[in-house]
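Engineer: Guided by the hints, dock chain X onto chain G, whose structure is given.
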Amino acid sequence: MKISFPRMGNYDVPFRYFFSRVFDAEIITPPTITKKTMELGGMHSPDFVCAPFKFNLGNYLEALEQGADTLIQFGGLCRLGYYGELHEQILRDLGYEFDFINLAGMRMRNPKSVWDKFKTYNENLSLETLANALPTTYAMVKQMDELEKHIRKNIGFETKRGEFDRLYKAYLSAAENVNNKKELKRVYHQYHKEIKNVKLTLPKNLLKVGIIGEFYTVMEPFANHFLEKELAKMQIYVTRNLNASTTVFHHDIPKLLKRVQHYVKYDIGATGVDTINSALSFARRNYDGLIHVKSFGCMPEIDAMTILQNISHDCKIPILYLTFDTQTSETGIKTRLEAFHDMILMRNNLDGR
Amino acid sequence: MTIGIPKAFLYYRYRWLWETFFEELGCTVLLSPDTNRQIIKTGATHSIDESCLSSKIYLGHVEWLIDKCDYILVPRVATYSREQIVCSKLWSAYDVVQNTFRSRDISILDYNIDYKQNKNEFLAFLRMGRRLKKRRFSILRAYFMAKQAEKMMNERRLEEQNKLLTLGKAPKILIVSHSYNINDPYIGRPIVERLSLLGATPIIAEIVERNTAVQRAREISPTLQWNYNQELLGAISLYKEQVDGIILLTAFPCGPDSLVNEVIIRKIKDKPIISLLVDEQEGLAGMETRLESFIDMIGGSSI
Chain G
569 MKISFPRMGN YDVPFRYFFS RVFDAEIITP PTITKKTMEL GGMHSPDFVC APFKFNLGNY
629 LEALEQGADT LIQFGGLCRL GYYGELHEQI LRDLGYEFDF INLAGMRMRN PKSVWDKFKT
689 YNENLSLETL ANALPTTYAM VKQMDELEKH IRKNIGFETK RGEFDRLYKA YLSAAENVNN
749 KKELKRVYHQ YHKEIKNVKL TLPKNLLKVG IIGEFYTVME PFANHFLEKE LAKMQIYVTR
809 NLNASTTVFH HDIPKLLKRV QHYVKYDIGA TGVDTINSAL SFARRNYDGL IHVKSFGCMP
869 EIDAMTILQN ISHDCKIPIL YLTFDTQTSE TGIKTRLEAF HDMILMRNNL DGR
Chain X
36 MTIGIPKAFL YYRYRWLWET FFEELGCTVL LSPDTNRQII KTGATHSIDE SCLSSKIYLG
96 HVEWLIDKCD YILVPRVATY SREQIVCSKL WSAYDVVQNT FRSRDISILD YNIDYKQNKN
156 EFLAFLRMGR RLKKRRFSIL RAYFMAKQAE KMMNERRLEE QNKLLTLGKA PKILIVSHSY
216 NINDPYIGRP IVERLSLLGA TPIIAEIVER NTAVQRAREI SPTLQWNYNQ ELLGAISLYK
276 EQVDGIILLT AFPCGPDSLV NEVIIRKIKD KPIISLLVDE QEGLAGMETR LESFIDMIGG
336 SSI
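Chains as they are written, first to last, in my numbering: chain G, 569 to 921; chain X, 36 to 338.
Since the hints were derived computationally from the structure, they do not count as laboratory data. Even glycine gets a Cβ: it sits at the ideal position worked out from N, Cα and C. Be careful, since some hints might not be right.
[Stated by the list, open to error] Straight-line Cα separation of at most 20 Å, EDC-like style, residue types lysine to aspartate or glutamate; simulated pairs:
#	chain 1	residue 1	chain 2	residue 2
1	G	LYS685	X	GLU118
2	G	LYS833	X	GLU156
3	X	LYS302	G	ASP684
4	X	LYS151	G	GLU656
5	X	LYS302	G	ASP580
6	G	LYS737	G	ASP592
7	X	LYS302	G	ASP667
8	G	LYS823	X	ASP149
9	X	LYS154	G	ASP820
10	X	LYS304	G	ASP661
11	G	LYS833	X	ASP140
12	G	LYS826	X	GLU156
13	X	LYS306	G	ASP580
[Stated by the list, open to error] Beyond 10 Å from chain X on every Cβ pair, some chain G residues (computed):
#	residue
14	GLY577
15	LYS603
16	GLU665
17	VAL746
18	LEU774
19	GLU798
20	ALA812
21	SER813
22	LYS826
23	LYS833
24	GLN877
Here chain G stands alone, though its shape is the one from the complex (with noise of 0.2 Å):
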């Protein structure tokens, strides 16, 4: 068995690290995310479907190609849950012949769901094997978020260029290679203490941007055209709330309806309520901007921007609002940001702050 996935951001590694583990498989991570992997995925998808679809039907493409013959689909809060059954569909129609494992409706958050799901896959499948590498997974993620969080604000700054990529990949690799959680806690604290001891030189006058939005393309950097490099070689403090752990792991729809009662009474789907309140909470930090990042047509992200635009009113804060899909072009959202930077800096300097 040769299983493969679709990618997003760096969570292949803690994807790879716990399927390599309950399917005693091998694993087949489908190549970085380039323009062949869009364009193949695209070709095959239907016209006006969110990005997301196409890239992860390019993954799919380029794992069978390498000889996967087991793709899973993980699902998710809105369309996302029902990507699995097209895929597959599409996939059939094109003559390739390989399981399809379709975790969407699996409850992540409850252990029993969980097994009951890969107990069907792998027969052998203990439940210490299980058990083991849960909780080690789930750890790997929310260190990979707090890394990553510091390594996003700071990366424009670093007095030696390059530092905090060397580190994090180093981390990533180390990360993948423990046994169990104890190993990856001593990992961490190794790599943690590093990173936050990278040189910086901060200039004295910070540029604060907030990037808020549509799950995948926020977290997959080809499907935003790399936004936070860029925003870094601008010499902005990029922050995001949005990851893995604030969205799969603790998604509590109650307590964020009650942060942002003021704009919003119901859950308007998916991460909607989430973008809101992260603008907010940006805004009242003072933040110099916001980038608001979907795909095109993803409803509960356009619904959040009739939202965003009161919250823009309101708080006097400015936001770029960036739609992506495979046919966007990178001189388009360059030119954009840059007008954006210039925009900010002029706020920025006004303000005198």
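Structural biologist: For chain X alone, kept in the frame of chain G given last:
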């Protein structure tokens, strides 16, 4: 007291329930007019560009009602059960309306249907009645009358459709489209009329025995959770043998349909299918030709 009801989105699913309920409570019901160019234009001005046509139309209708009634009815319908959810556009309808028109000082009458919060229709209507300061007994009475009316009308529509299925002349064309699209005077109605003019019998997928349809849909597509799409998919399975062709009619860019229509095209192989996409700019231009050639093609293949 006047309750304004936007003639869009869930109106077409719940019109009998809503109208009877409010009338039985002694309220006056004010409906917005049929969708027209002006309503679409207003709706689009108030919408985020990428919103689907149906939701733009909805905002147009809501805008029309502002200052003409005491309350505008904007329900929030999210989920009926764990496996039966509704498009997120309807989860957010209340908050989108509230945020879009917040400077216009409107009073919205809302109710919430969401199994996650144990908010079912009965409790939702009871609360809504209390908000209108009606007595508990009158609310209960109005709700049961409204349920009666809804049931009767749904049965009558089914009967009429069944008659068409057996007696209507060929070719019979099944139109698969959300109730708010097929019944909309701008999106679906012209297609239905055109088909009749061309001598075909239009069969409406949305008119179907809902529970049976959902069961059928589960067999064809086990992970499909959008309840309205389940009903449509189930209807295809139920009506397929009795029709000669299928039209998938979608408003651009409908999220659920973007996936489900592709599934339908790939899984239903034994009937001719075309898919028609209506957007804000083009409307129905160019569709007549496609409809005509579709009918020709079907006519040809059945000989």
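Engineer: Okay, which hints does this one fail, numbers in order?
Structural biologist: When the structure is compared with the hints, numbers 3, 4, 5, 6, 12, 13, 23, 24 turn out to be violated.
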